[in-house]
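Enquirer: Chains as they are written, first to last, in the working numbering: chain A, 106 to 242; chain B, 106 to 242; chain C, 106 to 242; chain D, 106 to 242; chain E, 106 to 242; chain F, 106 to 242.
Don't read these hints as lab results, they were simulated from the structure.
Just so you know, same-sequence chains aren't split out, so a pair can sit in one copy or run between any two.
PhoX-like mimics (lysine-lysine), calculated; alpha carbons at most 20 Å apart, straight line: (1) Lys137 <-> Lys198; (2) Lys155 <-> Lys176; (3) Lys169 <-> Lys130; (4) Lys170 <-> Lys130; (5) Lys228 <-> Lys155; (6) Lys182 <-> Lys137; (7) Lys169 <-> Lys137; (8) Lys228 <-> Lys176; (9) Lys182 <-> Lys228; (10) Lys170 <-> Lys137; (11) Lys176 <-> Lys137; (12) Lys228 <-> Lys198; (13) Lys198 <-> Lys182; (14) Lys155 <-> Lys169; (15) Lys198 <-> Lys130; (16) Lys170 <-> Lys155; (17) Lys170 <-> Lys182.
Given next are the chains, with one letter for each unit.
Number of protein chains: 6
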Amino acid sequence: MILITRREQFSAAHRLFRNNWDDEKNLEAFGKCSNPNWHGHNYVLFVTVKGEINPETGFVVNIKKLSTIIKETVISKLDHKNINIDVDFMHGKLASTENLAIGIWDQLEPSISAIGIELHCIKIMETENNYIEYYGN
Amino acid sequence: MILITRREQFSAAHRLFRNNWDDEKNLEAFGKCSNPNWHGHNYVLFVTVKGEINPETGFVVNIKKLSTIIKETVISKLDHKNINIDVDFMHGKLASTENLAIGIWDQLEPSISAIGIELHCIKIMETENNYIEYYGN
Amino acid sequence: MILITRREQFSAAHRLFRNNWDDEKNLEAFGKCSNPNWHGHNYVLFVTVKGEINPETGFVVNIKKLSTIIKETVISKLDHKNINIDVDFMHGKLASTENLAIGIWDQLEPSISAIGIELHCIKIMETENNYIEYYGN
Amino acid sequence: MILITRREQFSAAHRLFRNNWDDEKNLEAFGKCSNPNWHGHNYVLFVTVKGEINPETGFVVNIKKLSTIIKETVISKLDHKNINIDVDFMHGKLASTENLAIGIWDQLEPSISAIGIELHCIKIMETENNYIEYYGN
Amino acid sequence: MILITRREQFSAAHRLFRNNWDDEKNLEAFGKCSNPNWHGHNYVLFVTVKGEINPETGFVVNIKKLSTIIKETVISKLDHKNINIDVDFMHGKLASTENLAIGIWDQLEPSISAIGIELHCIKIMETENNYIEYYGN
Amino acid sequence: MILITRREQFSAAHRLFRNNWDDEKNLEAFGKCSNPNWHGHNYVLFVTVKGEINPETGFVVNIKKLSTIIKETVISKLDHKNINIDVDFMHGKLASTENLAIGIWDQLEPSISAIGIELHCIKIMETENNYIEYYGN
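Produce the entire structure from the sequences given, and follow the hints as far as they go.
Expert: Written as structure tokens, this is what we have:
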């Protein structure tokens with residue numbers, strides 16, 4: 106088995122809260138992440154794919170093409186944006202890193218399979234101390 | 106000369122824009138950093154101080170005390186906040202990393218001199234590709 | 106499958122040696138790691154857990170709670186300590202990173218399952234060039 | 106299951122191209138990586154092995170011995186070399202990171218099994234944004 | 106004083122040797138860096154500039170503009186190139202990191218002063234263990 | 106002005122305490138760093154030198170020679186050692202990073218000037234959050 110990973114980054118604002126909870130309950134559940142005026146992160150995204158090596162090129166996938174797919178499909182929607190407000194695929198979801206990882210998987214998966222490789226893992230680092238890995242359902 | 110540097114971090118939202126400019130002019134001057142719905146970063150702050158070594162302790166300054174001063178004076182005001190809205194010492198200023206560095210210097214300097222050492226440099230990394238260093242006036 | 110990882114750190118002294126071996130044999134087996142006067146490291150610990158996303162919070166686990174468990178259960182016992190002498194769960198064991206990873210797993214596992222999630226991996230970096238991953242028995 | 110990883114590095118030149126393609130077709134397939142005058146990278150290699158803990162030493166494997174095997178078997182052939190020209194185990198292969206990972210696996214595997222442990226993964230970072238992982242056939 | 110630093114990267118091949126020395130003498134002076142078939146690095150470039158803060162924008166310089174100047178003036182000439190052969194401003198010079206830093210300074214300085222700021226430092230990391238800083242004559 | 110920096114590392118144990126203070130007063134002054142059973146760090150050492158570029162080699166100094174001097178003069182005395190007990194040049198001094206930086210400067214300076222270059226700075230990172238820079242008297 107051979108895996109290829111591409112790292113991309115985006116800087117975004119977000120807030121963790123539930124509309125049907127008051128400020129106090131949001132603060133209790135989400136701590137300072139519930140600040141009504143938002144906060145933000147430099148998110149680091151690792152997209153891992155797998156496939157067979159093409160004997161003509163020695164590549165599983167041209168890393169430039171993979172990078173372009175990631176940028177067009179997800180980074181352009183997330184970078185310098187507000188995850189709660191600006192990002193269509195996050196509407197109606199809590200803006201946790203867990204949900205973001207699943208959202209990015211769902212955005213990327215069709216474009217990845219369309220070029221004959223398989224999406225293996227979405228990893229998102231929210232800070233240098235916290236990260237999420239999602240391997241699909 | 107001997108210098109001590111303490112690294113701290115904060116995650117914050119911000120936006121670059123001028124009230125007296127329309128959206129188009131803000132976009133031209135600040136690009137995607139002018140997004141009205143905010144974006145954010147994991148800012149990394151390096152505070153460098155200088156002084157004499159205390160022969161009793163071998164320290165220029167107890168790094169724990171320095172860290173506490175930085176956390177109480179600036180990190181508590183910036184972490185998980187909106188720099189434009191929530192941060193008193195940034196009111197009325199453009200939320201650029203340059204102005205943030207100067208603002209942090211002005212916040213920290215009195216507490217640093219009060220313990221008998223000298224503030225030497227404020228360095229802020231906004232992303233792994235961009236950083237500002239401010240050495241005072 | 107969704108995984109969450111929290112990074113924590115501790116600085117500790119240790120020594121690799123066997124009481125029933127003489128200095129020469131210890132030196133042969135463990136090299137400079139057998140120095141009788143100890144040496145030390147900044148250990149970096151990655152704790153990975155898995156579970157279902159709570160639809161109310163968007164979290165598998167509140168990362169703050171996970172961090173608190175790790176700090177109370179293992180970091181407080183290891184940070185600024187001597188692994189061979191000060192750490193109860195390492196008594197009678199060789200202070201290798203392998204044994205440390207297993208020891209940390211055994212310390213953490215009950216507290217992790219108690220909050221309804223599953224411990225997946227303990228990773229310890231002893232230096233930037235060496236690390237151990239333990240996935241349980 | 107317990108895994109040990111050793112990081113090593115090498116700086117090498119390479120070029121991606123096929124002899125049976127003209128310059129234009131090579132440029133189309135490989136982009137700037139096909140530059141006829143070569144380019145190069147600081148490659149970072151992670152070798153992961155697995156095995157049982159030796160109760161006498163607390164080690165799965167002495168990391169120094171593992172490092173020596175990696176240096177003698179692969180780093181000495183790759184560091185400050187041209188992957189296309191100087192490296193025997195890459196002759197006749199496209200110098201992609203995918204093929205390099207497989208080549209390194211094949212070089213290392215016999216020496217790793219010879220000391221009673223199992224090779225688990227070869228990971229190569231070509232840049233901080235791209236890496237390959239190979240787990241054997 | 107306020108300084109701004111932009112990080113950029115390039116991957117290039119090079120070789121250290123003198124035409125008027127034979128292979129043996131080159132090997133003695135430059136070690137494995139004299140390999141006739143080239144080797145290469147992921148060079149990391151830090152460009153530091155200084156100036157006054159523009160009160161309209163809060164910027165010393167728009168970091169995007171600075172990045173564009175660096176990419177157009179030096180990265181486009183160096184990335185995926187052979188420093189000895191392909192890079193006009195290095196012709197006739199030994200391809201040491203010292204000379205590269207001076208060469209990059211001389212390339213960048215006119216474009217930097219043209220936008221009203223001052224070039225302060227060129228820093229190049231050849232590997233994570235070695236770097237050069239050049240502050241001009 | 107042109108500066109060259111070499112990074113080296115060492116793992117060591119230490120303890121901060123004064124013999125003429127009791128345990129309570131040591132704990133008050135040095136916190137957990139006064140643990141009588143020692144603790145330790147992976148120290149990262151940056152040695153910066155300056156000089157003229159040798160036109161024959163393009164080097165201010167052969168980085169390999171600089172590395173050898175650092176390893177022979179200081180790393181061999183510090184790596185896998187106890188700074189308080191094993192390191193001759195630290196005897197009778199508090200094992201703070203400040204004093205260590207000065208001690209390393211005094212060890213290195215004669216060997217650096219002996220090869221016709223000038224020692225400019227000793228930087229020691231004790232953890233990723235704390236570092237000391239010493240520029241000589």
